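There are 2 protein chains.
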Amino acid sequence: MDLTCPPTQILKKSISIIKSTSDNICAVKINHHLLLPLSLREIKKLISVIHSRNLLAIADLKLNDISATNLVAIKHLWNMGFDAVIVNPFVGYSEGLEPLLTKSKSKNKGVLFLVYMSHKGAKDGYGLDIFKQGKKKKLYLEFVERAKRWRADGIIVGATRPTLIKEISNLTNSLIDIYTPGIGTQGGDVSKSIKSGADYLIVGRSIINSKNPKLVTSRIRANSWLDC
Amino acid sequence: MDLTCPPTQILKKSISIIKSTSDNICAVKINHHLLLPLSLREIKKLISVIHSRNLLAIADLKLNDISATNLVAIKHLWNMGFDAVIVNPFVGYSEGLEPLLTKSKSKNKGVLFLVYMSHKGAKDGYGLDIFKQGKKKKLYLEFVERAKRWRADGIIVGATRPTLIKEISNLTNSLIDIYTPGIGTQGGDVSKSIKSGADYLIVGRSIINSKNPKLVTSRIRANSWLDC
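These protein sequences, in sequence, are chains P and G. Heads up, the first sequence is in our numbering, so the first residue is 250 and it goes up one at a time. Heads up, the second sequence is in our numbering, so the first residue is 250 and it goes up one at a time.
Rather than coming from a laboratory, the hints here were simulated on the basis of the structure. Hints may contain errors.
Since the list can't tell identical chains apart, any single copy or any two copies may satisfy a pair.
[To be verified] With a straight-line Cα cutoff of 25 Å, these simulated SDA-like cross-link-like pairs (lysine to any residue) come out:
hint : residue 1 : residue 2
1    : K369      : E344
2    : K356      : L420
3    : K261      : E394
4    : K372      : T434
Remember, predicted model here, so these are calculated numbers, not experimental data.
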């Protein structure tokens, strides 16, 4: 939900897009575009619309804070009604993600790990070569292992890198769902992503900036089933 | 400003703490504790109080998103009145931090880089050994170089690791201000941090949870000048 309209119009426009696309989507990802300008009450209202359409609400904060802050953040998010949160496993386990993971499991909430983002500069982070236990290794592969070990509910891999989606899908034996952002505006392809092993497509601006979000989502949905 | 009171009390309590401590501090760091529950209007009000006391407002989002999202986030933050934002250089430059850095410079806003956080698990990220140009290197040292190369306005190094503060202060020739969180509750020490080269101390819970925030901040301030 990457809306860039004036703050006063965001809630109305968001609800309108959700209502027109709800038959073709399964969840709504909400990020800083809405979380910063909208109040607690407005976010609650938005999520009640999302839930009334049998969709899930994912908070895309890319959390990478100390545990005390992560816990306060998810307390607010779960209170708002969110069903899952996106975190960066870079922040580490002890006094980092550990308490957030435990708390989220106990509340039956989802935690999705960033494993490789969709933009060019992602190579400066996720694509780094690291040295672990005497061996050279790509950092994103370390993040895949963290996702398994720390029991993530899903992993995020940019649609702009379909070969990585395939590699990661093989490594997880399709046991952890792969969410792939970067479809459309950023260059990612629906069919290639699905064929590579993506379970869920994350599409933002191609829908939001379209004159006919319903049509766009129904086309994406249709294309995602083409080869099945 | 790590407040954990009910959302309805946050604004009042925040303003009260700022007013009682403003003589002993130079800036207020605002994070998810306030940004999630408060509305745009409430954050604006809080920042007007901060500015009326001649203090600066820093948004601690630890931003690590794609450029399009980063730009929308800072648009909201600068509109709220914030003077600086904390980002994670892990996200990379191209289509990552580059446009945010350019835009922030043009608006005379500050961008602070995380270089090593204060919690135990920070070693899982900032403490990684990486391979670059055929050489083994600590990732936090790569982040110091990014801070120099990408012209960060400040770097953040946890007070729980004073030897790293010293190492990083030497590497930057004290040309980039070092902000150090983790003082007090997390175990960081005021005097050790200053002696190691920290320019600014970030203190959260020791002030917020105190019965007398004014006294706590005046003591920290006094201790920070002990050896000068």
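Outcome of the hint check:
no.	hint	result
1	K369 <-> E344	between (30 Å within a copy, 6 Å between copies)
2	K356 <-> L420	neither (28 Å within a copy, 45 Å between copies)
3	K261 <-> E394	neither (41 Å within a copy, 44 Å between copies)
4	K372 <-> T434	within (19 Å within a copy, 36 Å between copies)
Hints 2 and 3, counting from the list given before, are not met by this structure.
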